[in-house]
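Per the numbering used here, the very first residue in the sequence shown carries number 1; after that it's consecutive.
Please keep in mind that the hints were generated in silico from the structure rather than gathered at the bench.
Be aware that a few hints might be false.
[Claimed, not checked] Computed beta-carbon distance windows for the label pairs:
| no. | residue 1 | residue 2 | range |
| --- | --- | --- | --- |
| 1 | L208 | R160 | 29 to 35 Å |
| 2 | D205 | T158 | 32 to 38 Å |
| 3 | G162 | H189 | 35 to 41 Å |
We treat Cβ as the ideally placed atom computed from N, Cα and C, and that holds for glycine.
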Amino acid sequence: MRSLALLLVLCAGSTAHGYVQTLSKHGNPVAWPSSCVVVQPDARGDRSGDAIDLATIDATLASAVGNWNGACADCTYMRLGFVKGYQALDAVSDGRPSVVFRSDFWGRGDVAYDDSIIALTTVWFVTSAGRTDGQITDADIELNAVNYSFSVNASTDTPRDGTMIADLQNTLTHELGHVMGLGHTCWDHILPEPPLDNNGNPAPDCDLREQLPATVREATMYPYADPGSISMRTLTPDDVAGVCDHYPSTGTPTACYSDIVGRGCDVTPAAPPRRLWLIAAVPLLWLAWRVRRRGSV
Numbered sequence: 001m002r003s004l005a006l007l008l009v010l011c012a013g014s015t016a017h018g019y020v021q022t023l024s025k026h027g028n029p030v031a032w033p034s035s036c037v038v039v040q041p042d043a044r045g046d047r048s049g050d051a052i053d054l055a056t057i058d059a060t061l062a063s064a065v066g067n068w069n070g071a072c073a074d075c076t077y078m079r080l081g082f083v084k085g086y087q088a089l090d091a092v093s094d095g096r097p098s099v100v101f102r103s104d105f106w107g108r109g110d111v112a113y114d115d116s117i118i119a120l121t122t123v124w125f126v127t128s129a130g131r132t133d134g135q136i137t138d139a140d141i142e143l144n145a146v147n148y149s150f151s152v153n154a155s156t157d158t159p160r161d162g163t164m165i166a167d168l169q170n171t172l173t174h175e176l177g178h179v180m181g182l183g184h185t186c187w188d189h190i191l192p193e194p195p196l197d198n199n200g201n202p203a204p205d206c207d208l209r210e211q212l213p214a215t216v217r218e219a220t221m222y223p224y225a226d227p228g229s230i231s232m233r234t235l236t237p238d239d240v241a242g243v244c245d246h247y248p249s250t251g252t253p254t255a256c257y258s259d260i261v262g263r264g265c266d267v268t269p270a271a272p273p274r275r276l277w278l279i280a281a282v283p284l285l286w287l288a289w290r291v292r293r294r295g296s297v
């Protein structure tokens, strides 16, 4: 209860300095057209040597969802929901926001990912010159259980040989920000030029880590984490503003729909999009999160 109260105080009483919203190629914010997003873990869970059981994964996802809902409740109509894992899912454009552990190969198909990435979120959205441009239709989280040992007790657990420890709730909280359309708080060099924050200023360079202001480095949407860190479980004012500015409680909530049938939100069928861009196939829009390795700048 104490941490929830603190989050609400931060949301109501602190000043945000800047957040970055993912944009379509036409410059429109990438956002969901509905008032809730239901996320579900792949029922196959974590098949690495850590083997976090599915019930723990379900509970940890629920906690990460609660981190966003609790902090933003007073200023947004958007609500994250979750369904317990009961079916096999993958990171594909199927309208089912999913959490998938990559335990055997860190990549998709025959495409290998950078092994420094802890997790990667792929967002599918409509790209057109019309009013639906930027509407998200699906978003999937992939977790690197090959190079990292995920834990719910990162301060006491030890990683498998050849891996580093990563807190599961910390990771999921960050990735859920991407699911809702938020980018990183600094320029991660995925785009050729720094993106603009909500104040119209270029995002600072992520490579200049020691020179970044605390508001950037302490945000949940900062793209680096120390091994075992849990600080991103707690949202900062910038993180909250990123959601509340784009899904404001003063706006008109649209229908809540999802292909997933379960608790959290009422569901109705979604209209098929006209044209989709797969973020994994467009590197400049790939939303990845890396660990800060010891000795790195």
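Each hint tested on the structure:
Checked against the hint of 29 to 35 Å, the C-beta distance between L208 and R160 comes to roughly 33 Å, which is consistent with it. With their beta carbons about 34 Å apart, D205 and T158 fall inside the hinted range of 32 to 38 Å. For G162 and H189, the hinted distance range of 35 to 41 Å is not satisfied, since their beta carbons lie about 27 Å from each other.
The structure fails to meet hint 3 from the earlier list, while all remaining hints are met.
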